[in-house]
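Work the whole structure out from these sequences, hints included.
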Amino acid sequence: MSVKDKLIILLMILLLVGGVYVYYTYTIVMDRMDEMEKQQYTHIDEVNKEFRDNLKRLDLQFIGRGKHLQQAQQDIVANTNLVNNVNAELTTKIEDVAYNLDEAVRTVNNSIAGLDRDLGDLRADVDSERRRNTRRLTDIEQQLTNLKSGVEELQSLTVIQKAKEQDAKDKAKKK
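Take 0 as the starting number for the sequence shown in numbering that gives the first Met the number 0 and just add one per residue.
Quick list of the computed label-pair ranges, beta carbon to beta carbon:
hint	residue 1	residue 2	range
1	Ile139	Lys163	31 to 41 Å
2	Thr137	Arg116	27 to 37 Å
3	Thr137	Lys170	42 to 52 Å
4	Thr137	Met11	30 to 40 Å
5	Glu49	Ala103	32 to 42 Å
6	Gly113	Ile139	30 to 40 Å
7	Ala87	Gly18	31 to 41 Å
8	Lys163	Met0	51 to 61 Å
Simulated from the structure, these hints should not be mistaken for laboratory data.
From the three backbone atoms N, C-alpha and C, an ideal C-beta is built for every residue, glycine too.
Here is the structure:
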């Protein structure tokens with residue numbers, strides 16, 4: 000397996016791990032938002048039930064009594080304010096969670112863009128190194144060819160030299 004393949008596999012693993020992390024974070028945030036929404040409905044139902052029960056009790060006990068009606072009206076206003084305050088708090092928390100989720104998405108997108116740039120740079124580096132290695136291999140092959148030619152020339156010169164020496168020895172023996 001070449002270095003390029005290893006780098007690509009590593010990058011794919013990193014992208015996969017990043018995707019799993021984003022999905023995991025997204026799931027946790029969505030579960031938390033669902034839980035907060037359920038709590039909000041539960042709280043509103045409890046407040047409304049308590050209000051209705053108290054109002055009914057007051058109506059039955061104090062029909063015609065202005066003082067108790069004023070107290071009931073004040074309780075209604077207090078409960079309305081409480082509901083509005085809780086609603087405002089929950090709205091703020093939901094907006095915070097939405098902002099954090101958007102920020103996480105932006106961060107992941109920026110990370111992916113950075114990985115894409117890095118991958119492009121790595122591809123360019125690998126291509127450059129491949130061209131350089133190809134040139135070196137071609138130079139080595141050319142030098143090897145030149146060396147073979149030189150060896151063949153030396154061998155032919157050696158054979159010619161030995162033949163001349165043999166002829167000289169033969170002529171010396173004949174004389």
